[in-house]
Structures are given as structure tokens and as C-alpha cells.
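Asker: Same order as they appear, the protein sequences are chains A and B. Each residue of the first sequence is one higher than the one before, counting from 1 in the numbering used here. Each residue of the second sequence is one higher than the one before, counting from 1 in the numbering used here.
Just so you know, these hints were derived from the structure itself, not from any lab. Just so it is clear, CB atoms sit at the ideal spot from N, CA and C, and this is done for glycine as well. Careful, some of the hints might be misleading.
[Said to hold, decoys possible] Computed list of lysine-lysine pairs in DSSO-like fashion (alpha-carbon distance at most 27 angstroms, straight line): (1) B/LYS278 with B/LYS218; (2) B/LYS3 with A/LYS96; (3) B/LYS3 with A/LYS177; (4) B/LYS3 with A/LYS171; (5) B/LYS3 with A/LYS45; (6) A/LYS107 with A/LYS96; (7) A/LYS74 with B/LYS278.
[Said to hold, decoys possible] Which bits of chain B does chain A cover? Going by a derived footprint, with three or more residues having C-beta under 8 angstroms, they are: (8) 72-79; (9) 171-184; (10) 264-271.
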Amino acid sequence: MTNKKQQHFHEIRFHGRGGQGAVSAAALLALAAFEDGSESQAFPKFGSERRGAPVEAYVRISDTVIRVHNQVYKPDAIIIQDATLLHSQAVLQGLKNDGLIVLNSEKQANDFEQRSIDNFRWVCIPASRIGQKLLGRPLPNTVLLGALSACSGWVSCMALELAVANHLASKGEAIVKANIDAIREGYRLGTMVNDSEKDKVVS
Amino acid sequence: MRKLLEGSRAVAEAVRLCRPQVVAAYPITPQTHIIEHLAQHVADGELEAEFINAESEFGAASIVLGSVIGGARAFTATASQGLLLMTEVLYNIAGMRLPVVMVCANRAVGAPINIFSDHQDSMALRDAGWIQLYVESNQEAADSMILAYRIAEACELPVMVCMDGFFLTHTFEPVALPTQDAVDDYLPTYHFARTLNPTQPMTLGGGSEPDNYQEFRKAQFDAMESAQTVIEAFEAEFHEQFGRSYGGLVQGYRLEGATTVLLGMGSMMGAVRDIVDKLRDQGQAVGALRLRCFRPFPKDTLIEYLKTAQHIIVLEKAFSIGAGGIIATELRAALHLVGITTPVKSVIGGLGGRDLTPEVIETIFQESTADGCINDGFAPEHIPQDEFDSGQKRHG
């Protein structure tokens, strides 16, 4: 429930497969938003998790204390870690009008059949490829979070970097640095999408 | 300083600050993370305690029973079938008047098997002689651990802190943890007066005959009744020292002039308060009352808060099959004793993890007020509303 007084209240839903780290990505986003001084909340879709099976996780970011503990039904943004989920799952269900979709894909937004049926804002990022290059494994999360930062402005890139540095500290400096690079690359690509959208408006 | 913590982690950190000397448990969803974090603390040397992985919940409860009799501060946590498997031991802990503290990560009871949250597990233990506190947030869950040991040890009564599984245990939200010094100050080292000692032999939980069993039971009842003032006093002290308060036995929200009051427990009450705000903005005289302490049942406090209401709705995540809503039944009895005949409607909902969304809560408010709160019933099912065109319900 959004309070009218709230200037800043955003709900984000993550879709991935068990093992891709949707829950960790949600926690990382909430930690970063909290670093920014926002109130935040992160939680998985309640239930058991199995490697490879579809997984959901949720984040709320707000100016004011978050009192609700309900699941998220009408997200402002959706992050899709595995584009094949678009074929089998109702991943776009409930997304608000003009909602943001950050999709891990080599394709362009126009390549998806769902592209034509709504006013959603599609941001396609080849996050697995970048993850493979920077992290040595096709992990899309930090790249996608960087892109979300650039395209939504709900969380700062610096806070994401800080959250990664704190959250992944136990995994060692090299992993922290690689993930920070991944955030920056995602942010750069997200900014390019923003710029290309601006160009379209101008022309 | 506030940190963003998973509910289970927040509870584990708070328990660590209480310095239990024995932690015994058997894993069960959605409680397991609490015990995993505590096991890690013990392994890392951050908590000087004996960690005992029991062979069952019956064993875990028996271990904390024995530990307290042996003079230790002890902790366990469980949920659902695990709590039910502890049942016999929990009655014994209460009967022996042992200050055990446990967390119930509220989960539905089978069959059918269901790992999700409702209050059926702990409500089934309502007559066991345990104080039961139901919390709304992770901050309250953490704070209630510290409060629970203080209450348990002062009253020689066990305390069960009930937190909604998943809705709280698996949710990351901002939590301020007190410093060790502050907790040590609030919760001093405890000596259990009846600690077993071979040089002064005595027994606990021995046989009792018809000529005194009833007196033991009455003493338990009296201790529970007196616990109400203890809980309020310690909560006030907690507020003074830590700056946070949860209202003691109950927590009211926008009750001034409220003709319709919705009463409930646990994590759903945040959404209830959001709906109260919305309806108040529309000019409706509604308020909310959160029952924090279900045992002892705070009759007098509830009457005080509810005596001017015209409609009372009780939203309950458990019920007595064959009788109906448990809280509503007890509330009606309490009001009846002082001659108040305000209609109390029981609405059963949120069973087996079904989400009581703001829309469902608003519907309950409207329907209950419209029917004068005379018909008990079940909460309407939530169907997520698409903001899509109706023809595009499902993408992909």
C-alpha cells in the first residue's frame, strides 16, 4: 500500500532460476538502497527453492518506514535474470503501466513478442556475457543491478558498490572488485539505453 | 545503528546478546536460519554456549528443560509440527515454572503439509502455560528476545516469542541491535533459585496428589495473571533504556473516536495500519488494535481499549475447528463479563501462508461494517489484480 505522502516508494520483482541468485540480488539491492539512506525491505517468494526452478524475490524501497509485509503484486520494475522465463512464466504479471523491465538478454526489446502489448520500458542487457567476462562465470546479477541503477535512479551506483564491498567482503578482494566492475559496466550500458531513448524523443 | 538484517539473523543476534549458555534445536522450516546463525556464533567463539543439535524437537525441548534446571539460560526455536512434537515437554516446562525462552516461527500445521505461515501452531499451545508474545516486525522480534528473558526470569514462566514464518523470518529489513553493554545492563546474569544441586537435594516436577495438584495449577494461573503488570513494567523500562516501545500487552493505532476497530496479531498489522490510514483519509472512523500478548490474555486492557467501539472485527490466522475464531471467542467472553455487548465478528484468514493483502483487509473492513459485525466468516480470497488490459491477463 503506497501512502500518498510518500514521494519515493518503489517495488521491484526479480525473476530467475534457482542457483542464479535472485534472492541474493534482491538482498544486495535492498542493502544498497539502505546505504543510500532509504528504507528498504527484501524477501524471497515464500516457499522451497530448487536449482533450475523459477524463483522470485522482491524489494521495496521507500522514503518512510515500510510497514507492510505482503508480497509484491504490482511492481514498478521487473528484473529478469533468464529470458527463457518469458516463455513459460507470467513474469510480467502485475507490472505497472510504464513499468521498467531489465532483461538479461543478447536480443533487443523488439525481438520479444510481448514487446508490442504494453507501455513497458524494456532494457536489454547482455548480463551473462559480461558476467562471464568479468567474473569468470555467467552471473548476471551485479550487471543487472548496475543497469537498474542507471535506468531507474532509485538506488545509486556508489551505494551498490558499497553494498557489494560489504556483502561480498568474505569472498575476497578480487571478487569484490570484479563485481564492482560489473556494476559499473551495467550502469554504463543502462546509461546508453537512457541516452538512446532521449534521442528517440528528440527525433 | 540500524542494519538491514534478515529476521532470523536479527533474532539470532538478539539471542546472542542475551548470553544463553545452552542452545538446543532440531531444524524445521521456517525456523532453521535462526538456529544456523546461532550455531555459527558458537562455532566462531562469539557465543559461549553449548550448542546441541537434538535428535528431534522433543529432544530439543527436553534439553532446554534440563539445562535450565541445571542453572543455565537456554534457548530453542521451532515451528509447526516441531512445536506440536514438543507439546508434552512444553507443558512440563511451564508446570515446573522454568524460565525457558523459545521462538516459534509461526507455520501452518499439517495435514495437508504446508510450510507457510499462520498461527495455528502456537495457538494450539495456548493452554500450556507459556507466555505468548506475537511480534509485527523484525525489530520487535529482536527486542522481544531481550524482553522475553527478563520476563521469564522474573516470573519463572516460559516465554514463546511468535514471529510469522517467511513474512518475518525470511525478510530483510532495518533493525537496530543494542550493544552488549546495554543488554547486560537490562538483563543481568540470572541464577535460577531451584537449580539442582547434589549438596541440597530436591526434585522438580515430582508427583502431585489430588490434594495439591489443583493448587499447583492455580499458582500457574495466578503467576500468568500477575505477569501482565510485569510485562508492562519491563516494556516501559525497555522503552526508557532502548527508546523503542510496542505498547506492552496491546498496541492501539488511531483509536481516537474509532467506531470500528480491527484487532489482530503479527506481521499483517502493518498492512492493517496502512488501510486504517486510507479509510481515515476517507473520513471513516476506524482504528486498529494489535494483540501483542495473547497469553496471558489481557482482558482488562482490551476492555479499556474497546469499550467505546461499536463494531469489532477480529482477524485471526488460526481457529478452533468445531468452535471458531479463538481470539474472538475469548474477547466476547471478556466483554460479556463487564456487560459489554458490542458485536465482535471473527474473520479467519491468512491460513497456510495466504497473503492478507491490503485489498483483502480493506474488503474485510467494509463488509464487516456493512453487516454490523454479526456474521463470522472467512477472509475473501486474494486474486492479484492485473493493471493490464483485461484481455492480457497473462503474458508469456
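Asker: Run the structure past the numbered hints and jot down the numbers of the failing ones, going up.
Answerer: 1, 2, 8
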